[in-house]
Each structure stands twice: as structure tokens, then as C-alpha cells.
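A.B. asks: With these hints in hand, go ahead and build the complete structure from the sequences.
The chain contents come next:
2 protein chains.
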Amino acid sequence: MVPVNQWIKIKAPATVANMVCGFDILGFAVNNPYDEMEMRLVHLAAGQASITIINMDDYNLPTDPEKNVAGAALLAMIEEYTANSIIEKSLALDSTENTSTTSSSLTENELVDFSKIGFEVKINKRIKPGSGVGSSAASSAGAVVGANYLLGNPFSKDDLVRFAMNGEKVASGVKHADNIAPCIHGGVTLVRSIFPLEVIALPSPTLFVTIVHPQIEVRTADARSILKQNVQLKDAIKQWGNIAGLVAGLMKGDYDLIGRSLEDVIIEPVRSILIPGFDDLKKACKAAGALGGGISGSGPSIFFLSKEKETALAVEQEMKKIYEGLGLAHHTYVTTINQEGVTIEK
Amino acid sequence: MVPVNQWIKIKAPATVANMVCGFDILGFAVNNPYDEMEMRLVHLAAGQASITIINMDDYNLPTDPEKNVAGAALLAMIEEYTANSIIEKSLALDSTENTSTTSSSLTENELVDFSKIGFEVKINKRIKPGSGVGSSAASSAGAVVGANYLLGNPFSKDDLVRFAMNGEKVASGVKHADNIAPCIHGGVTLVRSIFPLEVIALPSPTLFVTIVHPQIEVRTADARSILKQNVQLKDAIKQWGNIAGLVAGLMKGDYDLIGRSLEDVIIEPVRSILIPGFDDLKKACKAAGALGGGISGSGPSIFFLSKEKETALAVEQEMKKIYEGLGLAHHTYVTTINQEGVTIEK
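Chains Z and Y, in that order, give the protein sequences.
Counting with this note's numbering, you get residues 1 to 346 for the letters of the first sequence.
Counting with this note's numbering, you get residues 1 to 346 for the letters of the second sequence.
These are computed hints drawn from the structure, not numbers from a lab.
Note that the structure is predicted; figures quoted are calculated from it, not measured.
Quick reminder that beta carbons are idealized off the backbone N, C-alpha and C, glycines included.
Hints may contain errors.
Claimed, not checked - Computed from the model, here is a short list of chain Y residues facing chain Z with C-beta under 7 Å:
1. Ile25
2. Pro196
3. Val231
4. Trp240
5. Ile243
6. Gly245
7. Met251
8. Ser272
9. Ile273
10. Gln317
C.D. replies: Below, the structure is given as C-alpha cells:
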């Protein structure tokens, strides 16, 4: 356990959810952009809330813990920490076969009493909220990974994903894990099942990622509400052929198979109408040599994967050309897949 | 090329399509049961059809080549062989990157003139028609693999899958490849796309397969017609989580993940009502230690996968118990995944 008042620094990566054909199940973390956070345990004054959020940026996000995504994630964690005997939990975890479990190093004396001790969290959001690259997930995931470290790592990664999903509920109304899972685990992740939660790390070959964030607002809740609740069986079959192809391509390191599988016949045709220039941009990026790509999460950011860095840079130029042509402000990133997830600077 | 009149012997394995969650895209071949065939090239008498089918079993299947699945597959092959210059095709195939291509060893002098030469095919069906373990696919696949061998292997495996799909159209009205692909390639196969055809071989760990064939008739066409043409998005998401999990599980050799992923929330709830005792049988097989399983293709056969042979044998006993209890005649098989596909006895 980290002593009270000692700050730790946290780096929480942006993430691309869905990965084109894997709506609500696939996602990956990238090395840029990322959020910076600082956290410490503090002694609480009488009546002081157990979580204090301090914004270090200009986004004016809520600081009320219940309305802040990091706060909501931490509240879920404190609740479970307090409700269960951590000692018993640790023993139980040790006896499971879950190899991703980080078992507790706490002794009974070290248990934290959250009526007397709380978390102070400074958040410097470098991932713009609403950009579609997991800004809320980075805050939630960063907070719970940091808190777990401060407490001596009593919780497993799967526990942390579960807690952080409470932040996603605050942000979008839905407890989804397709950004949280890669943000915490790093790499490409498959959320095979939400209830019960099962996250599977998928190996992947070296991939370069080009992201463009056109400066328009697409609310996750809106992007969800326009989706049709029913899909045609024939489209579903195409989609699961592509998902199976993408998983096989990633695991075999077969770039062409990855490229061919990056097609979405269900979500993209509906959501892409919310993003100006999407069709032209897709054509231009593929013509520039990208393996494939599409909407990042619920948008408006768009990502494309490339085998070579040079291609990823050429793709960036095409993206800039399209949005300069449309007179739309935008940011671009050329980066790689982040394999570590949230990290603590030690 | 094999000399005219020289018989070859062919073994064509049964196959399990869908593999529970992979409707229309996944399938695997098994070592038992299998069809036996013999084929040769013959000089045609004046006016004689280019294909002669001889049934060596008691199923009274049509011998008119257009109505026989093996005949329909061979007709498609002869048409393409005759329409294209095989020499040009061979050169074109050599220049592609498709490593599964078996390039032609034909010279121009060896080209077969199908107005003068034809195929004679003896079929001994050991896979009962309508059993749901790819009986029609075995005949179509066996015929085209045999014919390709007789002609000196001018066609690739992907070509052969395409030809054999014409047999499936005769059998069920639909050109599906989820039995044909594993029958020709062996192992577990993914049909990522039908048009254009793309078959991907998936590695798998050792798996024991228990199959029960209750002696009732379920026509493939009927089993297709009762399916709903629309599925709920939330069910589709569950299904593609399981498909991704199954592919990852097979490739990682993770038996537990394979087991957890063998769930079908879309097709099985509808089709299983056609199969007496399905729910009880599923419970009993899983209780006996099977990883998971479900309907083989469109039924009525049911398959379960096990990690150990002893478990597969215990599963067989549960299957027998259920169908003896129902007073329903049945066959069972305990076998393994066939890795070779159709083989020629040399």
C-alpha cells in the first residue's frame, strides 16, 4: 500500500472501440493520445466526501463524484472494498484459476477505512471528451487502476473493468466495456461476455493507427439511439464471418485477412451519416494503402490501420485533405497499438 | 493425369456445420463416419452422358447427374474446365499469392475433351442422407477432389469448394459452403465470405467428438425455412462475442474458452424444437463433462466436444440413455477431428 499523501502519476491511453466489425465486443488501446492523472490517499476532514476530483484542464467536467466518470468508478470500487472483507476476498481469489488475478498483498492492519481516508484525483484530460476514442474510459480506467495501486492491488483486472464500467454508465447511460477493457489490459481485447464479464486478450501483429478527430459533436447516447434494434440474419452472418476473420487474422498475423475483415455491414451504414465526409475519407484512406478502418467507437473520430508507418502517414495526409476541403477543424494522430494499458509512473 | 479406365478410391469425411455459434460460417470434419467412392475416366460411347453415377448402397439416390449432388458438382467442374483454357488458368494461378493453390501439371496435349471422355463414379454412402453431418457435402466434395486428381490437379482447393457448392444447391436449394469447406480442407474451417469465396483454415487442439443421429427426418430446406429473417441486435452481439471467443479459443488451445463460447442464442432456440429430447440431452452431455455442443448443421444429429476420450465415451452413454428412454432409434459415433479432408487412396 502506498502511504497516505504520497502522489502517484498515471497514464491512461485512448482506445478505439468496435474495431469496425466487432460492435460492443472488440477494442484496442493506442499510444497517443492519453490522459494524465495524479492520485493520492488523504485523511478526510469531518464530513468530507471520500472522493475529491480536481480538473487540471479546461473541459469543466463535473467534479461531483457521482456525476464524474472517474468518481463513479471509484465509488463502485470503494463500495465493494468496504462491503467485502478484503482478506477473505484475497484468499478466495488465490484459490481461483483466474491467472489475471493480482492477489491482495494487504494484511488486516492495512485495510483502509473509507470513512476516514479518501482519494484525491487530479485529471488532466489530453483526450478530448466526446472525441470517440475512449475519453471517459481513460478517466474511469485510470482512476481505478491508480486506486488499486494505492491500496496495494487487492483487485484483479477483471474487477477493475467492472468498476470502471460504472463510469461508462455515467458517460453514456450504458455499462459497456469495449473501451474500458483495452484501456486496462492494453492491446486488442475481446469482451466475450458482459454478464458475467469475460475479457480475452488477443495477440496482434505490429499495426500503425491513423486517427482523425473532426471537431463535431456526436453524443454516444445519440449514436446508440439511431441504431436499429433488429438486424437481418443475412447481414448478421456477414458480420460474424468478418469478426471471426478479424480474430483469426490478428492471431495469425495475416495483414491481408485483417484488412478484408475490417468491414461493418450493420453499424457503419447507420452511424456514418452522422460524420461528414466519411465515405470519401474511407475511399481515400484505402486508396492510400490502409488495411481498413472505420468509425472509432460511436464517432466522430475515424481510424485506419496500416502495416507500415509510411502508409499511416500517407493516410493522415488524405484525412487532412478531406477535412481541409470541407473546412472542418480536426486533429490527427499517427500512433501504434498500446500494449500496456493504464500505467503507473513509479 | 491418371490413365483412362484406372480406378481410384476416395474417402470423404462427414462434417459438422455451424459449430453451434457459427451459423453458415464454421464447420469441421470428423474421422467417422465417411463415404467411400471410386472414380475413373472412361471413353464415352456415342451419345453417352459425360457422367455416370453408380450407387453402391441402398439409398436409391438419383443417378441423373443434374439431380445427383456429386453429378451437379462435377458438371460445374467440367463446364469451367472446358470453358477456360486450362493452360492459361494454370499460369494465372501460378502468379497469384494464394498458397492453397495446387497449380496445374497439365500440358496442352493432356487436356481432356469432355465430349469424348467422361467420369464414372461409384458411391457407397456410409453417411446416411439427411442425418445432418454433411452427407451431401461428402458426395460433392469427394467427387470433385477425385475428379481433380484424375485430371492432374488443375484446380485449387478454393475452386473445388466452389464446384462442390453446386451439389449443396441440389441438396438444399442453397449454395452454402460450411460443410464443403471442412470436407475438402479438413480440420476446422471458417467461411469468411461466400461471394467471393474465402475459406480460412483454423488450427484446433485435440478434440473428441460425440455424435448422435436420432433416426428422424429433418429436411435442410425445412430447417432453414423456420429461421427468423431478423434477429435482435442484442442477440447478434452475444453471438459474435461467442464466435470471436470460439475462434480465439481454438487458436489458443484454450478448452475452457472453447466450451464457454459454444452457445447459440439465435439458431438453436428455433431449430432445437425439431429435435426430440434436445434440451435434456444437452444438459446430460454437459453434466457428463462435455465442453459444449449442439445441433450438427440443420440436424437432426447432435454433437458434443470433449477434451478427453473418456468424457466423449461418457457423453455417448448419456445420448444413448436419452434416446432409449424416448424409444427412438439412433446411431452414435465417438471420433476425432479429421485433419486431411477428402483423401485419395494411392
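A.B. asks: Tell me the numbers of any earlier hints that the structure contravenes, in ascending order.
C.D. replies: Violated: hints 2, 8, 9 and 10.
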